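Trainee: Chain residues, written in single-letter form:
2 protein chains.
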Amino acid sequence: MYIDEPLKKYLDETASGAPTPGGGSVAALAGALGAALTSMVCNFTVGKEKYKDVETEVSQILSESESLRSKLLDLMVEDTQVYSEVSKAYGMPRSTSEEKEARTQAIQKAIRIALQAPLEAAFCCHKIMKLNEPLLEKGNQNLISDVGVAVLLVESALRSAILNVEINLSYIKDEDFCNSTREKLKSIMIESSEIKSNIYDKVKEVIGAKL
Amino acid sequence: MYIDEPLKKYLDETASGAPTPGGGSVAALAGALGAALTSMVCNFTVGKEKYKDVETEVSQILSESESLRSKLLDLMVEDTQVYSEVSKAYGMPRSTSEEKEARTQAIQKAIRIALQAPLEAAFCCHKIMKLNEPLLEKGNQNLISDVGVAVLLVESALRSAILNVEINLSYIKDEDFCNSTREKLKSIMIESSEIKSNIYDKVKEVIGAKL
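Going down the list, the sequences are from chains E and F.
In case it helps, the numbering used here puts the first sequence at residues 57 to 267.
In case it helps, the numbering used here puts the second sequence at residues 57 to 267.
Read the hints as simulated data drawn from the structure, not as lab findings.
Treat the hints loosely; a few may be bogus.
The list makes no distinction among identical chains, and a pair is therefore deemed to hold if it is satisfied within one copy or across any two copies.
[Said to hold, decoys possible] Taking lysine-lysine and the PhoX-like style, the derived pairs with C-alpha atoms no more than 20 Å apart in a straight line are:
no., residue 1, residue 2
1, Lys183, Lys240
2, Lys258, Lys64
3, Lys104, Lys127
4, Lys266, Lys144
5, Lys104, Lys194
Model, not experiment: these values are computed from the prediction.
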């Protein structure tokens with residue numbers, strides 16, 4: 057679903073009045089696009105005489121980046137599926153107090169499941185950010201602007217995924233669950249932001265960018 | 057090309073060792089994804105009784121957002137085509153001084169053409185940022201996190217497009233051309249950054265995000 061279908065279809069359905077895909081799915085796709093650029097830089101490095109010394113390390117980065125790209129594409133689809141379950145729970149009857157209680161529980165459960173997709177997407181994005189740190193120095197220097205684009209897009213994908221976790225947390229009544237979820241995300245958000253700034257500044261310096 | 061082909065194909069070819077698609081094309085696609093989210097928020101607003109008062113304005117935003125989405129998808133493809141012309145110019149013979157001169161001129165010309173795609177993508181992204189300003193207040197409030205995701209992604213797409221303009225400018229010898237190109241981009245970059253920060257902060261406040 058979506059992955060093997062026309063690119064245009066995914067964008068058209070996002071833009072439409074259909075409930076899915078939404079921001080969580082798009083965030084995962086943006087992360088996958090950044091992973092693709094990370095892999096591209098690796099593929100222009102591995103096998104080149106000039107970069108022979110870093111070949112083993114860059115091959116390892118490529119392997120991880122490709123695995124994260126695949127995972128994020130799966131999450132792009134998964135996010136649309138779990139979100140449908142939330143909509144279904146909201147659609148449950150609520151005439152009697154028993155029905156109301158059952159509906160509330162179903163919603164709480166569906167939301168807890170739904171937020172796992174953007175949560176995992178955020179973790180994947182953080183891992184891609186970390187892969188770009190060594191790549192900045194060791195990757196093919198002709199593609200240094202692509203390392204810059206990768207971290208710009210992936211960091212915004214990570215923040216977007218976290219916004220989607222937060223919107224789900226806003227409906228969850230279990231404070232401990234909310235706090236422990238946020239605790240897992242806080243450090244990766246800060247670290248990713250630092251990596252982005254460092255790499256973006258360095259790329260601009262190397263290419264002589266004045267903007 | 058790409059638009060009607062499987063989503064996976066675009067990502068696979070980006071990740072591969074083929075010269076295109078690269079960062080410029082991916083930046084345009086990221087902008088299109090943000091435009092799709094902008095349109096989605098509009099489509100969940102127009103036609104709803106609760107948002108009747110803003111229907112005309114939001115319909116107008118939708119129309120502009122859809123036109124920018126389409127333009128950015130075209131630029132996603134165009135970027136791959138103009139980049140091929142640059143590669144072709146670099147491949148020209150350079151044995152004699154006449155050949156060297158012809159090659160240099162062909163490269164300079166191809167690069168000037170190539171940077172028009174990310175330049176236009178940056179202008180489109182800026183326009184999408186501006187569309188999200190009124191949408192934050194007037195769009196369906198159930199989708200407020202999607203407005204947040206849209207501006208996060210589009211602002212990073214804009215910076216990514218500008219990085220691609222800059223990498224092209226670094227090869228151009230005509231200083232006046234470089235300065236006038238940067239002059240066009242400076243204000244839209246600053247304004248977009250401000251819009252992103254304002255909207256992102258507001259969205260987090262409304263949804264009670266703690267990250």
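Trainee: What are the numbers of the hints the structure violates, in ascending order?
Mentor: 2, 3 and 4
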